[in-house]
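Peer 1: One point on numbering: in the working numbering, the residue at position 134 of the sequence shown is 134, and numbering is uninterrupted.
For the record, the hints were derived by calculation from the structure and aren't laboratory data.
Mixed in with the good hints there might be a few duds.
[Said to hold, decoys possible] Below, a list of computed lysine-lysine pairs in the DSS-like style, where the Cα atoms sit at most 25 Å apart:
#, residue 1, residue 2
1, K43, K17
2, K66, K44
3, K17, K48
4, K97, K85
5, K17, K62
6, K44, K17
7, K62, K85
8, K47, K17
9, K85, K47
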Amino acid sequence: MYLSNISVLSQIGLGGKTGLIIDCGYDCTFLVPVYEYHIIRNKKAIKKIDVGGRDLTDYLIKMLNKRGNNFTTSFADRQIVRDIKESLGYVALDFDKEMITTKKSSSIEELRTSYWTSCRSGQRKIQMLRASLPTIPH
Numbered sequence: 001m002y003l004s005n006i007s008v009l010s011q012i013g014l015g016g017k018t019g020l021i022i023d024c025g026y027d028c029t030f031l032v033p034v035y036e037y038h039i040i041r042n043k044k045a046i047k048k049i050d051v052g053g054r055d056l057t058d059y060l061i062k063m064l065n066k067r068g069n070n071f072t073t074s075f076a077d078r079q080i081v082r083d084i085k086e087s088l089g090y091v092a093l094d095f096d097k098e099m100i101t102t103k104k105s106s107s108i109e110e111l112r113t114s115y116w117t118s119c120r121s122g123q124r125k126i127q128m129l130r131a132s133l134p135t136i137p138h
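With these hints in hand, go ahead and build the complete structure from the sequences.
Peer 2: Below you can see the structure in the form of structure tokens.
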């Protein structure tokens, strides 16, 4: 048996020994620097942000409802929206470039989940994460 920190194991899984691991959990997110398979244990190095997957799901429900959908906060609806978030969500490497590309496209996507439910989405798909996360202090 081998015991290690999840951030170190994530870095190993990515094929490197040094990097910044972003661990987004249910109610908070951690930014953990890993250097040569070791966590830099310094109060200023590791950041905790009180925004997690639950907050992003709540925000996505609001965005989808503004587009004409009718999601509630019921367990079933939250599960559908969570599936949408987890299957289609990503972090844009260049947010401004993504926004320009998205504005040029006027298409409305039909999002289908494993629950055979569809909903309407559109140009706002890129904005969820940026609008949800606070600026990280240096």
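Peer 1: Please name the hints from earlier in the document that this structure breaks, with their numbers sorted from lowest to highest.
Peer 2: 2 and 5
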